[in-house]
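Colleague: Letter by letter, the chains look like this.
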Amino acid sequence: MTQEQLEVGLYIFVLASFLGFAVVTRIPGLLHTPLMSLTNAISAISLVGSLILAGSGEGTVATVLGAVAVFASMTNVVSGFLITDRMLKMFHRRSAPKKPRRSRQPEEMAR
Amino acid sequence: MSSLVLGLVYLVSAACFVLALKWLSHPTTARRGVKTGEIGMLLAIIATLLNQQIIEYRWILIALVLGSIVGTPLGLLVPMTAVPQRTALSHSFGALAAGLVGTAEFYLQKPDLGGVTMTALGLEVLLGYLTFTGSLIAFGKLQGVVRDRPFVYRGQNLLNLSILAAGLVVVGLLVADPGRSTLFPVLIAVALVFGVMLVIRIGGADMPTVISLLNSYAGLSASMMGFVLGNELLIIAGALDGSSGLLLSIIMCRAMNRSFANVLFGGFGAKGTLGQIEERAVRSTSPEETAFLLDGARLVVVVPGYGAAAAQAQHKIRELSDILMARGVEVRFAIHPVAGRMPGHMNVLLAEANVPYDQMFDLEAINPELPQADVALVVGANDVVNPVARHDQRSPIYGMPIVDVDQARSTIVVKRSMRSGFAGIDNELFYLDKTQMLFGDAKQVIGQVVDELSKLPAKEVAPA
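Chains F and S are the protein sequences, given in the same order.
Numbering (this note's numbering) for the first sequence: 1 to 111.
Numbering (this note's numbering) for the second sequence: 1 to 464.
Just so you know, not all the hints are guaranteed correct.
[Unchecked claim] Computed from the model, here is a short list of chain F residues facing chain S with C-beta under 7 angstroms:
no., residue
1, Gly-9
2, Ile-12
3, Phe-13
4, Ser-17
5, Ala-22
6, Val-24
7, Gly-57
8, Glu-58
9, Thr-60
10, Ala-67
11, Val-68
12, Val-77
13, Met-87
The set of hints was computed from the structure by calculation and includes no laboratory data.
Because the structure is a prediction, the values reported are computed rather than measured.
Glycine is no exception: its CB is placed at the ideal position from the N, C-alpha and C atoms.
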C-alpha cells in the first residue's frame, strides 16, 4: 500500500465512521437487535476479501484459509440477513390504532 | 470485468449498505432496508466472482454452499430468546474470516510488506483472533455452556494488560521488520488468549455492553482487511459496523452509568452480595387481588426484565395486556435498554409475543408518565427499578437510569423469591408501602392473573 492509498483509505474510513454514527444514532432502541444483526451481515462483506484469497490460486495455504474464511463469512451473510428480516416481520402496530395516538407516533419513535 | 466497472459496482453496494441502515430507523421502512442490504451484498459477491483475479472456483463454490447450509438454519430456526448467542457466534465467524485472510496475506506477501500494510495487517489479525475467541466465550456464557458468573482473580487486570501490551509489541516488531515471520504465530496466540481472558471476567449483566463492543471489533477487523487488500468497500462496510457497535456499547454503558474501563476491568456482580441484607417485611399479594387492582386501573405500566424472558412469560404478559385493554385499561410497556441480554432484545421478545411496537416505550418516554400510572407491574426486573440508583451514592448502581416505578400509585412486583439481582444489592422498592410482591414463576403467576380477570363480569367500556 502506497502512502497515497493509505491517505485515501483513511479518509474513507473516517468519513464512513462518521456516516455510520450519524445514521445509527437515528435508529430507536426498539430496533437495536435487528440493527446488530444487520450490521453483522453487512460486515460479512469480508466475504469479498475471502473470495479473492481463496480463488487466487496462490498455493494450498491461501486456498484452504481462504475457503474457511469464505465459509465463515457466507454463514454470516445468509444467517444475518435472514434473521434480521425474520425479526422485523414481527414488529407491528396496534391493529386498530386510535386516532390521537397515531399523530404522536413519529415523535416517540425518534427517541 | 474491467477494474473500473468492479470499482463502480463496489461503490453501488456501499451505497446500498448506507441506505439499509438509514431505512432501519423506522419499523415501517426497516424491511426495505434489509432488501437493499441484500442487493448490495449480492452485487458485491457477483462482481467479485466475475473478477479476473479469481482463477480457481472449486473450493469457493464448496465453501459458499456449506456456508449457506449452515447459515440458513442459524437465520431461520434459532429461537428469539437465543438471538444474543447467535449474534455472539456470528461475531466470532466474521472475526475468524478476517483473522484467516490476514494470516494468509502475511505469508503470501511477507518479505515485501510495507510498514503501513503491516500495521493494518497486524491490527486485523489481533482484532480478528481476539474477537474470535472472545465471542466464542460470550456465546458459551449466553448459551450456559460456560459459567455465567465473572471469573476473577488477583492481578487479573495486570495480566490482561500485559498480554495486550505483548500483542502490540509483536505488531510493532513485525512492522519494523516483516521478515521476522516466526513472530507471527506468537501474535496469533497472544490474540487468541487475550480474547478469552477479556471475556471470561465479564458477568451476565454486562453482556449487552460486551456483545456490542465485540460487534465493533468485528467491524474494525473487516475494515483493516480493506486496508490490507486495498479494497474501499471493505473499509466502508467495516467502518459502518464498527461505529454502530461502538455507539451501541456507549448507549449500554450509559444505561448502566458505567465506563468502558469499568465494564472491561471492573468485574460487576463479581462480589456477590454487598453489605448485609436485613430481614424486612414485605407485603405479598395474590393473583386474585392483583387482577382486581389491575382491572380498576386506567393506566398500567408493565416493566419486563430478563427474568420474564427467562421464564418465557412474554406470551402470558401479552394475554394480560390484551384482556386489560379489552376492559378499557391502557397498558404500556416500559423497556430499559439493558432489559435483555443484548441491546433491544426485550423489544424483539415482546414483538414475537405479538405486542405492538407502539405499546413499547423507552425510559425517556415512559418516566414522565409513571406518576399518572395507577399500577406499575414489574415482571422479572430488579436492578433497573431500584430507587436506590437515584439517591444512594454508596450503592454500586448509583446514577444508573431506572424506570421510576416507585412514582406510580401502586406497584406489583412479580418475582420468584427475594433473591437480589445482578448487582447483588437489596431493592428498596420491595419495602415501600405501595409495593406488593406477587411471588411465583412469572409465566404461571401471570397466567393465574389472566384467569382471574377472565372470571370477572363484563365491564361497560367507554369508547376511546
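Colleague: It remains to establish, for every hint, whether it holds in the given structure.
Modeller: Against the structure, the hints come out as follows:
no.	hint	in the structure
1	Gly-9	holds (5 angstroms)
2	Ile-12	holds (5 angstroms)
3	Phe-13	holds (5 angstroms)
4	Ser-17	holds (5 angstroms)
5	Ala-22	violated (9 angstroms)
6	Val-24	holds (4 angstroms)
7	Gly-57	holds (5 angstroms)
8	Glu-58	holds (6 angstroms)
9	Thr-60	violated (10 angstroms)
10	Ala-67	holds (4 angstroms)
11	Val-68	holds (6 angstroms)
12	Val-77	holds (6 angstroms)
13	Met-87	holds (5 angstroms)
Taken one by one, the earlier hints fail for this structure at numbers 5 and 9, listed in ascending order.
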